[in-house]
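Colleague: Those protein sequences? They're chains A and B, same order as listed.
According to our numbering, the first sequence is numbered sequentially starting from 1.
According to our numbering, the second sequence is numbered sequentially starting from 1.
These are computed hints drawn from the structure, not numbers from a lab.
Quantities reported herein were computed from a predicted structural model and do not represent experimental measurements.
Beta carbons: idealized from backbone N, C-alpha and C, even for Gly.
These stretches of chain A come out as covered by chain B in the derived footprint (C-beta under 8 Å, 3 or more residues): (1) 25-32; (2) 51-58; (3) 64-73; (4) 83-91.
Each computed DSBU-like pair below joins lysine-lysine, with the alpha-carbon atoms no more than 35 Å apart: (5) B:Lys626 to B:Lys150; (6) A:Lys15 to B:Lys150; (7) B:Lys626 to A:Lys15; (8) A:Lys139 to A:Lys101; (9) A:Lys139 to A:Lys96; (10) B:Lys626 to B:Lys256; (11) A:Lys150 to A:Lys31; (12) A:Lys150 to A:Lys15; (13) B:Lys256 to B:Lys150; (14) A:Lys31 to A:Lys101; (15) B:Lys150 to A:Lys96; (16) A:Lys96 to A:Lys31; (17) A:Lys101 to A:Lys150; (18) B:Lys177 to A:Lys96; (19) A:Lys15 to B:Lys177.
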Amino acid sequence: MALACPETGRSATLKADANLLRAVFTQRFIKYVTWPSGRASGAQADAPVVVAATDARALRRYFTRPDIRLAQWPVKDCQVLVIIGTNARTTGALLKRVRGKPILTVGQDPNFARMGGMINFVPFRGRMRFQINIEAVRKAGLTISSRLLKLADIYQENPGPSQE
Amino acid sequence: LRLPLPFVWSLLLCCLLCGAARAEEGENAAHTTPDAATLMSMDMEGLMQVEVVPPAGRKQRLSNVAGSYTVLTEEDIHRSGALNVPEILRTVPGVFVRQVDTDKWSIGVRGFAGTFSSKFLILLDGRPLTSPSMAGVVWSIQLMPVELVKRIEIVRGPWTSLWGSDSFSGVINIISKTSEELQGGQSVTAAGSNGVSQMLRYGLPLEGAECSGAGGNAAGMVASRTAHLSMYAKSGYDPGVNTPIKHDHPSSRDWKYATFGFRSDWQNAFTDQLSIQGSATLSGIDEAVGVPFLGDIGLEKTDNNAYLQFAWDRATGLDAGWQFRGAFTNNRITLSDMELQTMRYEAELLHAAEQMGRHLFTWGVGGVYFTDRIDEGRRVRLSDDSYSRLDINTFVQDRITLLPERLFMTLGMKLDAFGDDYIAPQPTARLLYHGDDSEYWVAVSRAARVPNRLNEEGHFSTKRDGEFYRVVNSGDLDLEELMSYEAGFRHRVSDDIKYDISFYYDVYDSLAALDFDDVNRTATTRSFLRGTTSGADASLDWLVRPELTLRPSLSITLQDFPELSGPGQVGSPPMDGVFINGKLQCLWDIAARWQFDVLGGVLSSESRGHNWSNLGFDMRLQWRPKDNCRVELLSSVEFGSSDDPNYRDPEPTAGLRLTWDF
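For reference, chain A alone in the conformation it holds in the complex (with noise of 0.2 Å):
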């Protein structure tokens, strides 16, 4: 994205720091998923939604929104768990902890989506995409809006011929 420099008149590009960025993304997805519950981001519920993380003080600078809370993972009950910082080990076990649970999972690891996690960013020429694993949504009795996955990559664990 590029903005005009008043200074220089040159087109200056946005750059954020990782870490800004999987922050705003994450409070950005609650508001396309629905939990079984039928809560949507937190709107209509009495109590804010909870963002569990695994280092909660790399993000905790940039969760200034009211309806959402962040905590420190381990947390007796939260809707969207935060993996990052961790190792790919550490990842698999969180992911196996959550498993079937209504808990929206978000992660950065290349094998993040093939271990069960369900929002993945992936960097891409310097920007931040995301990868989405519909299987491991439904099976956590989750629903992603269409908005959303458009913008998504769509992960899928045994493509067909046809995607080549």
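Please build the complex by placing chain B on the supplied structure of chain A, with the hints as guidance.
Modeller: Frame of chain A, contents of chain B only:
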């Protein structure tokens, strides 16, 4: 000040190349950094166009450790210009490193510096490199190529509650790359005034499944394979003519070495990793210095080392999991008519439970069985020419959250049982306050260690004031003890600047040392030495510009061991005086394909009326003509002064290193 010619030429060449490289550099594109509110107001399509700040725009991070702690990353290791592990450690604040002979390095933490320094622990992937018999590290057989090192963690101060009794004044934990990180081939050739060396490594996948996302797009990545193998071989020759050595006899000559190693890692069910690694090393040299107590020169020395290690690591949650490690190590040192062979079998099991309320428990059990056999020569004799001992240990640690995300207390205890003779409880209490941009910590620890085999049973001769003394052992040595009081704080001033300051006051008791009898010309090993070590370490990490990083540091150590009388002590006795070590590391990315790094260091010591000071520079210039090729010019020079009439400046060195990935 006399500037040696090779160093001058290297410096001039670096300046010329730096200027040329700088001229090549283009202008950076302008960019704007938005805040969270701005990004939150953007739509998803807009967010997907925001560029991610690359890791090169590295932000300063605090370590979240209640202790004096430094981590060297893969990039730090590469940019140190080091050709071996001891040289890497020169960049670390508070760690004193000096090459004292062609194949020997003196490394010290918190004042205990010496070739046979026995007061800190050095680990390679969890396996101690410290010799169980001599308590020091024989570096001539620890030849892992630096290109295979992933990370080095340095802990200053006692962490015996976690690492055990050898970690008296610190722990240096070397972590190697997994075989998955060593895929493909690499050739590293080094040649210069310090000889030549060649390293080759190759890694390949063994088995695994692949999967892909929607084809051809960003998510169409290939998942990693699940089993990998890597192998390496390295050999080299060092004539030994440039080694800094301050004695009046020449350094050891004609060092020849060769090493071969492998590592295989297998990942299963995403949470488990099995690793097998090993190496075999052969080293030979015309020994000039020998070991201090031999008092002779012109010996032939050969060292052999082989080890095999198996490790299993299962993650069960955040900071939680099981680890098992088993290893066998075989060392053989032949020095003239003496041969020492040690074999070490070890196993340990660790479990880190997941956070339970306020508590995060870690516990472990381990055992080490070691045996040694000595074919005594005419210079050294031990009470028993073969020896074996079984050491058992267990530890438990609880990290208690006093204030969520802010205040933590760590209580730990390790119990070491050394054979049938010694049991050493080693408790610690640590408090860490984690602010938004700062950390404060205090720690109190008790440590204990068993005297090494040479102290307990050695019979040999040592030289003091020109006279030889016959060393005998008293046969009833006590555990060496330490009470340590530490405090420190770290502060991140901005994304570009952080500093770290720590203070310590260590009280030692019952250290083994030689008690000299001038009448009978004997020296008896006794547990009589007591004293204190106090000091401070301060370091700054400043990203001055995106292409320039400065890392100054200063360490001051005061050692007070009044009962230690004069020279002749075996191993690495403490000083009785002041030791100051200042460093400045400058890392400069001159242009896209050029880097220029300098490490300057000042050392000054005053002990028992003897003064010694040293100023040294290590320089590295890198040119990357292609993405898979690096050429480095490495050079170093030292200037010293001492009231020792035999002192002489070491010769400057210069060399080239060519790295090719294929």
